[in-house]
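Student: Residues per chain are reported as follows:
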Amino acid sequence: MTALKLEHVVKRFGEFVSVQDVSLSIEPGERVALLGHNGAGKTTMMRMILGLTPLSSGRIEVLGSAPGSRQARRHTGFLPENVAFHGALTGREQLRHFARLKSVPARVADDLLERVGLGPAADRRIRTYSKGMRQRIGLAQALLGQPKLALLDEPTSGLDPVSRHDFYEIVHELSAAGTAVLLSSHALTELETSTDRIAILSRGRLVANDDLASLRRAAHLPIRVSVTTTDENVEEVAARLGGQRINGHSVELTCQPDEKVSLLGRITGLGEVIKDVDVIPASLEELYRYYSTSAGEKK
Amino acid sequence: MSAILSIARLEMLIARRNMWVATSVLLMALFSVVLTLAGAGTGANLAASPLEVAVSSITTLSVYLVPLVGLLLSFDAVSGEIERGTLALSLSYPLSRGEILIGKFLAHFAVLAFAVAVGLGLTGVLAIWQNGGPAMSFAPLWRLFATSLALGSAFLGLGYLVSSLVRAPGVASGLAIVIWLVAVVLYDLGLLGALVADGGGTFTKEIFPWLLVANPADAFRLLNMPEAATAELASGLSAAGAVSGPAGQLASLLLWPLLAMLLAWAAFRKVEP
Ligand SMILES: Nc1ncnc2c1ncn2[C@@H]1O[C@H](COP(=O)(O)OP(=O)(O)O)[C@@H](O)[C@H]1O
Ligand SMILES: [Mg+2]
Numbered sequence: 001m002t003a004l005k006l007e008h009v010v011k012r013f014g015e016f017v018s019v020q021d022v023s024l025s026i027e028p029g030e031r032v033a034l035l036g037h038n039g040a041g042k043t044t045m046m047r048m049i050l051g052l053t054p055l056s057s058g059r060i061e062v063l064g065s066a067p068g069s070r071q072a073r074r075h076t077g078f079l080p081e082n083v084a085f086h087g088a089l090t091g092r093e094q095l096r097h098f099a100r101l102k103s104v105p106a107r108v109a110d111d112l113l114e115r116v117g118l119g120p121a122a123d124r125r126i127r128t129y130s131k132g133m134r135q136r137i138g139l140a141q142a143l144l145g146q147p148k149l150a151l152l153d154e155p156t157s158g159l160d161p162v163s164r165h166d167f168y169e170i171v172h173e174l175s176a177a178g179t180a181v182l183l184s185s186h187a188l189t190e191l192e193t194s195t196d197r198i199a200i201l202s203r204g205r206l207v208a209n210d211d212l213a214s215l216r217r218a219a220h221l222p223i224r225v226s227v228t229t230t231d232e233n234v235e236e237v238a239a240r241l242g243g244q245r246i247n248g249h250s251v252e253l254t255c256q257p258d259e260k261v262s263l264l265g266r267i268t269g270l271g272e273v274i275k276d277v278d279v280i281p282a283s284l285e286e287l288y289r290y291y292s293t294s295a296g297e298k299k
Numbered sequence: 001m002s003a004i005l006s007i008a009r010l011e012m013l014i015a016r017r018n019m020w021v022a023t024s025v026l027l028m029a030l031f032s033v034v035l036t037l038a039g040a041g042t043g044a045n046l047a048a049s050p051l052e053v054a055v056s057s058i059t060t061l062s063v064y065l066v067p068l069v070g071l072l073l074s075f076d077a078v079s080g081e082i083e084r085g086t087l088a089l090s091l092s093y094p095l096s097r098g099e100i101l102i103g104k105f106l107a108h109f110a111v112l113a114f115a116v117a118v119g120l121g122l123t124g125v126l127a128i129w130q131n132g133g134p135a136m137s138f139a140p141l142w143r144l145f146a147t148s149l150a151l152g153s154a155f156l157g158l159g160y161l162v163s164s165l166v167r168a169p170g171v172a173s174g175l176a177i178v179i180w181l182v183a184v185v186l187y188d189l190g191l192l193g194a195l196v197a198d199g200g201g202t203f204t205k206e207i208f209p210w211l212l213v214a215n216p217a218d219a220f221r222l223l224n225m226p227e228a229a230t231a232e233l234a235s236g237l238s239a240a241g242a243v244s245g246p247a248g249q250l251a252s253l254l255l256w257p258l259l260a261m262l263l264a265w266a267a268f269r270k271v272e273p
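Protein sequence lines, in the order shown, are assigned to chains A and B.
In case it helps, the working numbering puts the first sequence at residues 1 to 299.
In case it helps, the working numbering puts the second sequence at residues 1 to 273.
Some hints here could point you the wrong way.
[What the hints assert, rightly or not] Pairwise CB distance ranges (calculated):
| id | chain 1 | residue 1 | chain 2 | residue 2 | range |
| --- | --- | --- | --- | --- | --- |
| 1 | A | Pro54 | B | Ala168 | 18 to 24 angstroms |
| 2 | B | Met1 | A | Pro54 | 26 to 32 angstroms |
| 3 | A | Glu169 | B | Val118 | 48 to 54 angstroms |
| 4 | B | Leu122 | A | Ser65 | 50 to 56 angstroms |
Worth flagging that the hints you see were computed from the coordinates, not collected in a lab.
Predicted model only: the values in this text are computed from it and were never measured.
A virtual CB, placed ideally from N, CA and C, is assigned to each residue, including glycine.
Bound-form chain A, shown alone (with noise of 0.2 angstroms):
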């Protein structure tokens, strides 16, 4: 069964739309990271799939059943934007509650607690938390009962790298065990080897909806080439190839993707004066950034 399905969901503030004609799927196992600036209409989306707020019009499914009925809330966990709690409780009450809801064992919340490295700090009031430590009984939670729908709502915001890489290895495992993951971020750079698919919205418009390798190919952007020569010969190596001499020893060029082989076929027929070659494709950020203001200037 298909985890999450939209069809032409809309949503209005009055005049203003938020989500556009947004329609989207995620099956089992999946993870689909959802970019957007702010104001795009990430939490909007996420809280019309939580039946936290209604649709104008279209149409939403989680796991078979309407968004906010009790079966799609018994299997989804739920990571919100800036995750808050009551702040005279500990940890651990906080969790075993949630898994008390969940009607999952109180021994299934102190281990979530040790996963995401809380257990030292379990016992004391949250109040006393920082913010990462707070993101992470934010994770725990949404990860009992191991949910068939994740929802995380900038789930990496107040981590350090180290948390984050721990995050996503717990994505990971999450999605290995079956359970479609949709994570909105506006922090790029580490959703590259991290995710399935991406999905970009741009004011409430959803303006790509595919995986890495897929975009890239369709955004045609140039990819940079860049060579290490010996000292002495960087001058001409620049003059050959037709690029841009960076500093004393190396090179840069761009090409379109379709070009990248007989390039490279090229630079490797200069020999000897050659050191190293780095082909460096278009980065994510440059890839949101093409589909975000690409289909701005569309409208």
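Given chain A, work out where chain B with the ligands should sit, using these hints.
Tutor: Same frame as chain A, now just chain B with the ligands:
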């Protein structure tokens, strides 16, 4: 069911750590003891038993205090969660809004019951200590306890209603104070004014008694002080008590919590976190 209990448990923890329990208990205990000791001196001269005198003065006080404690415990229940941002997460769990409300109610009801029990318990102990217990009837004390809980429940429900209708805790607390003022002070003043203006006409005989008993605070007062010679509404009160009777007063006191909780639930269902 387990969801309701889990919420009640959590709210009780929060109430304890936020010092709401301590504050409520302290308030009730302090005033009960002071009034019991103050009543002991005057009781000797009158026919009434010392306990009855104490109950009578504690009733007068409870009319103000119990609704206040009820509103204090409840005004933040929904608006506070919206402001903290914890409500959206709670609502993503598989439980209904009715269950959330009932869970909170159970916790706050327990806090209220504990505070009232401590206050009245102290009153009972003091009365026994002063007069020797065996001959005394504790029925008025039990009645005061039960009716206090009903009165408090009504204002818990009104607190949840306010909390769901306005999203900001600051505004909710202001509105709660207004409700309290109207119910325990202004309503009676208004009726008194109308009585004076009417000068013993149809309003006084036909309408006033029902208006009086429609206010849970007044129903509470009538039930606990049937022969209220000392009440503010001296002239009207005893007549009114006779018209509505204990059954009407009890009905008012029991229907208000139900009505308030139903309204709160209807308002809470419309809340978008
Ligand atoms: N309750 C609301 N009332 C009016 N406008 C809203 C409301 N919620 C969100 N919006 C608007 O919808 C747009 C999308 O918001 P949001 O979904 O929070 O964006 P994102 O999460 O992508 O940053 C924003 O312009 C925001 O102002
Ligand atoms: Mg957002």
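Student: Each hint needs a verdict: does it hold in this structure or not?
Tutor: Going down the list of hints, with the structure as the test:
At roughly 23 angstroms, the beta-carbon separation of Pro54 (chain A) and Ala168 (chain B) lies within the given 18 to 24 angstroms, and the hint holds. A C-beta distance of roughly 29 angstroms is found between Met1 (chain B) and Pro54 (chain A), which places it inside the suggested range of 26 to 32 angstroms. A hinted range of 48 to 54 angstroms for the beta carbons of Glu169 (chain A) and Val118 (chain B) is consistent with their spacing of about 52 angstroms. Distance hint for Leu122 (chain B) and Ser65 (chain A): a CB-CB separation of about 54 angstroms, consistent with the stated range 50 to 56 angstroms.
In this structure, every one of the numbered hints holds.
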